[in-house]
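K.L.:
Okay, here's what each chain looks like letter by letter:
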Amino acid sequence: MAKFDYAPAPESRAIVTIRPSYGLFIGGEFVQSTDGSRFKTINPSSEEVLAEVTDAGQGDVDAAVRAARKAFEGPWGRLPGAERGKYLFRIARILAERAREFAVLETLDNGKPIKESRDVDVPLAAAHFFYHAGWADKLEYAGLAGGGGQGPKPLGVVGQVIPWNFPLLMLSWKIAPALATGNTVVLKPAETTPLTALLFAEVCQQADLPAGVVNIITGAGQTGRHLIEHPGVDKVAFTGSTQVGKEIARSIAGTRKRATLELGGKAANIVFDDAPIDEAVEGIVNGIFFNQGHVCCAGSRLLVQENVADDVVMRLKRRLQTLRVGDPLDKNTDIGAINSAAQLARIRELTQVGESEGATRWSAPCAFPDRGFWFPPTVFTEVSQSHRIAQEEIFGPVLSVLTFRTPQEAVAKANNTPYGLSAGIWTEKGSRILWMADQLRAGVVWANTFNRFDPTSPFGGYKESGYGREGGRHGLQAYVTTGATR
Amino acid sequence: MSSTTAAAGARELLGVASLTNASLTRWLHGLPGVDHVGADARAAALATRSVKTTSKAWAIDTAIAMIDLTTLEGADTERKVRSLCAKAMAPDPGDPATPQVAAVCIYADMVPVAVDALRGSNIHVAAVTAAFPSGRATMEVKLTDTRDALHAGAHEIDMVIDRGAFLSGRYLQVFNEIAAIKAACGHEGTRGAPAHLKVIFETGELVTYDNVRRASWLAMLAGADFIKTSTGKVSPAATMPVTLIMLEAVRDWHTLTGSRVGVKPAGGIRTTKDALKYLVMVNEVAGDDWLDPARFRFGASGLLNDLLQQRQKLATGHYSGPDYVSID
Amino acid sequence: MSPAAPRRSGSQPHGGHDQRIEVRKTYKLYIGGAFPRSESGRTYEVRAAAGSFLANAAMGSRKDARDAVVAARGAFGKWAGASAYNRGQVLYRVAELMEGRRAQFASDVATAEGLPPSRADQVVSQAIDRWVWYAGWSDKIAQILGGLNPVTGAYFNISAPEPAGVVAALAPQHSSLLGLVAVLAPIIVSGNTAVVVASQARPLPAVTLSEVLATSDVPAGVVNLITGRTAEIAPWLATHRDVNAIDLSGAADADDLSWAELERASADNLKRVLRPAGDGLDAVEPDWSAAPDLTRIKAYLETKTVWHPKGH
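Residue numbers (my numbering), protein chains in the order written: chain P, 1 to 486; chain U, 487 to 814; chain Z, 815 to 1126.
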């Protein structure tokens, strides 16, 4: 029994009101489904039912797209950029005002620790709206126009499908640039995490956003398919698995729809022998255990220089034993619940594969509650490049440790994957950081840090991690015309 | 430990035939670097821990028992020191169950007064020496300063290092000064047991985290029993990140040598909230063995009354005020 | 000084007692986050466009200007070091408070410039919108004005804009709010701090604006406002060696002032000079309602270029 255990420090749920059931947010109002069905969303840390939500049908999707089209061709399309920007400023400020409410709701629906939703997800989401608000009337400066003297123009109606790992944050990454550039939106949150998107609909109402500019339709894979394939949608934006990303790319082929895809990853976190060792250990932990490893850009492969591998792994395991796994609403929890039974099954399956492939498994000792979906922080050592756990995305708190001898070998191993979303470099040597950054085939390179996000910083992948960027000046491109050809 | 023993131990650890400034430099400069931003981030993350109810009560009592209650003013008089000692023995006259502090920390010439005032209690007398706070004097003066305190009965010596020597790379000189004072702590005490030695870095003057790491390892190599952040006379004094670096150092020193060195942040820690953040950091970086006054101290004066007010709130359920705690 | 007809005040309720005497405001300087009177003890009469007495404003002296520069310099490190996001938020908050006080601003502008209420209202809207436009630039300037340079050789090379430091600004003489905002916002959005000399004859909207600044998270010293005679204050700022840049817009139609002389004086420490609009020696006040571009932001930015080798 440790001397200093911290008593339970639960954040109160009282601040958020969850309705027993939700309709769809179409044309500025919550409406009942015409041809959908209902399903339940649960708290993955307890399996408690939180609410009933709608699984939108084809008719619902049609209605949402129609509402978005009407708004685009109506008031929104005619609004000067400066006025559009003010709506986005309002949304940003309301999100900041209601930050605690959103953080608690996100933790309940997703299973992530309140510390993360409070300190990372919600502030970044508000910041994303604030940043994009300022672009709405400055697009001619952003270096986007494709020529012909025409300023960048919006595309029209955008269909957006987002994942369950950062529900509100992914919503902000999609909606903010779309609106800033003058488009209207139909967004489908993930099946297991609809609630913060539905609360966001209230924010749109509080901001007096014109009806139909933002439409939120809940549902599962089929709803998403209807939205992506809808002929009334001019552009699709998707964040999720590479497998579904490829389906989308196939489905829009031959149409004139544009797409941006933010897909999976198997990032290498590369630690050199001259790394600032304590901060590197924090970076490794942050890289794969932040958000329970449910991060597309997670540093799921540790590539450690062979001459310091034993020391690094020893420090890592020691550090993992101070991670607190448990009730996500407890302010001291570091690692929360796995988002769903399905995801837990997949993590278990791949971890089993790792053991049978011959890697050495170590898991931090944890006591789990009886209910809910839980997995301990796990480290595999003696992993080879050919192991499945070095190639396939597990999307859970499981780290694969490989070694390298030289910078060139580190680069080769890091790049030896169909993915290319992110990478980490840990060394005190500036030249090496910049040389490595040049060599790594990854859309985001973090040096002496990891999992840092900012609305001004473009994010996106190479290769099968997708195409297009979100955030920054570059992120606006996907939402505007580029001149003669679309 | 004599100076020559310290040097011998150092030679063995470094793996060199003779302890020169060059060999010390190579060893210290070969320590892993500290990423400033990353260290600040880790300290900030630890500061978000929420400590409640029974855990908070334990932490408050532990923090009180870790205080080196301090007065280091030119204007200190015998009566001022006696008053401080009375406070140390009975921090809250309204609640005799309140723990006593660990030590009273004063200038060396006040040691006899404190020894007399604290007679019969378990509270130690710690004296600041070695030309505190500046460290600018000859070794002769620094040693005499220290011996006077020991002869007068001090249990603990808080010495300052020569920052000028450190910053100009004269590591061997810093090593030798620490080793000599440590040796005096062994010979010159009047208590039967050696006095314990705290080595003050004045981290506000060392500035970089790399320097704090190097000073930590140098002091431990030379025989420090405790490493201490500051004199309290320079701002910034103790900070979370600097203390983090020092906790990492004592943790790694223990892994390397098996011995445990204590850590004392001093100056600028004014509130219970601050103190609890430090205890969280001790807990998660160094571990249970350091959650003890034998291994962790707070150099503070005003902190005690804030801890007492928080203790009163936990007992009564409502907020307290300055009228309900005694001044020292 | 004779008592004049009570100043028309847009939002004072006169319920019940028709003869209610209003509580009039004292108009002071804004330096280092506080509202001091001029160290010289002097004031001067401010009159409405129509001629009636409005208030006694502080007549700032060279020592007030000196103190303002000290305050601006003291605030620069922290303001320039704040994140761009934070500065953008602070500026947006100013706009929020301006909107909340629009009735007072409209009244100030109407009496100062002799505008009908509807037109004054429109000017206030434009001023607030101009401020919002600039607020949104804070976290984008570096992306537009900075960038990677593709040098030859194994080197990483990047150019980044940085604020110049303390900027002195002569606010426009005629456009007492919109022109003021158009001159001030671009100075501070990028991290510079400002010493502003208000319009000599129409200083009251500027004082109201400084009250908004003081209550909206703008750190003390980031903006400092001196009211008084432009011709008396301006030369002291133009020659001040701790001022890094100067905006001469307010030299247009200022009494007893030559912008050319001020520019010549500024050369002593090579201040960056923003000349007033106009041709040749003529200085005119432009149409402030015209859509702005990046000129006023760029005027107070330096560019820093950094090299670093790339090698393993």
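Note that these hints are calculated values from the structure, not bench results. Do not rely on the hints blindly, as some may be mistaken.
Using C-beta positions, here's what the derived DEER-type ranges look like [unchecked claim]: (1) U:G650 to Z:V1120: 26 to 36 Å; (2) U:D774 to Z:N900: 55 to 65 Å; (3) P:D5 to U:E564: 36 to 46 Å.
Lysine-lysine pairs mimicking BS3-like chemistry, simulated, CA-CA at most 25 Å apart [as the list claims (entries may be wrong)]: (4) P:K429 to Z:K1118; (5) P:K331 to U:K566; (6) U:K538 to U:K759; (7) P:K429 to P:K413; (8) P:K317 to P:K246; (9) P:K86 to P:K138; (10) U:K759 to P:K3; (11) Z:K1124 to P:K413; (12) Z:K1124 to Z:K892; (13) U:K799 to U:K566; (14) P:K138 to Z:K877; (15) P:K3 to U:K566; (16) U:K538 to P:K331; (17) P:K317 to P:K3; (18) Z:K892 to Z:K839; (19) U:K719 to U:K542; (20) Z:K1124 to P:K429; (21) U:K566 to P:K413; (22) P:K331 to P:K3; (23) U:K566 to U:K538; (24) U:K759 to U:K719; (25) U:K538 to P:K40; (26) P:K331 to U:K719; (27) P:K3 to U:K719; (28) P:K463 to P:K413; (29) U:K719 to U:K538; (30) P:K246 to P:K3; (31) U:K719 to U:K566.
Since we're looking at a predicted model, the values are computed, not measured. Using N, Cα and C, we set each Cβ at its ideal position, and we do this for glycine too.
K.L.:
Measure nothing beyond the straight line between the CA atoms of P:K331 and U:K719; if it is 25 Å or shorter, mark the hint as holding.
P.N.:
36 Å, violated
K.L.:
Can the restraint linking U:K538 and U:K759 be considered satisfied, given a maximum Cα separation of 25 Å?
P.N.:
With a Cα-Cα distance of about 11 Å, the restraint between U:K538 and U:K759 holds, given a limit of 25 Å.
K.L.:
Are the Cα positions of P:K86 and P:K138 separated by 25 Å at most?
P.N.:
Holds: P:K86 and P:K138 sit about 13 Å apart, inside 25 Å.
K.L.:
Can you confirm whether the C-alpha distance between P:K331 and U:K566 stays at or below 25 Å?
P.N.:
43 Å, violated
K.L.:
With a cut-off of 25 Å on the C-alpha distance, tell me whether P:K463 and P:K413 pass.
P.N.:
At roughly 15 Å apart (the allowed maximum being 25 Å), P:K413 and P:K463 satisfy the hint.
K.L.:
Is the Cα-Cα distance between U:K719 and U:K566 25 Å or less?
P.N.:
Holds, because 19 Å separates the two Cα atoms, which is no more than 25 Å.
K.L.:
Measure nothing beyond the straight line between the CA atoms of P:K138 and Z:K877; if it is 25 Å or shorter, mark the hint as holding.
P.N.:
41 Å, violated
K.L.:
Taking only the CA atoms, is the gap from U:K719 to U:K542 under or equal to 25 Å?
P.N.:
30 Å, violated
K.L.:
Regarding the pair U:K759 and U:K719, is the alpha-carbon distance no greater than 25 Å?
P.N.:
Given pair U:K759, U:K719 holds - Cα atoms ~22 Å apart, limit 25 Å.
K.L.:
Take the C-alpha atoms of P:K3 and U:K566, compute the straight-line distance between them, and say whether it is at most 25 Å.
P.N.:
Roughly 36 Å between the alpha carbons, so the hint for P:K3 and U:K566 is violated.
K.L.:
Tell me if the straight-line CA distance from Z:K892 to Z:K839 falls inside 25 Å.
P.N.:
32 Å, violated
K.L.:
Between the alpha carbons of U:K566 and P:K413, is the straight-line distance 25 Å or under?
P.N.:
The given pair, whose Cα atoms are some 68 Å apart, is violated under the 25 Å limit.
Checked against the numbered hints given earlier, this structure breaks hints 2, 5, 8, 12, 13, 14, 15, 18, 19, 21, 23, 25, 26, 27, 29 and 30; the rest are met.
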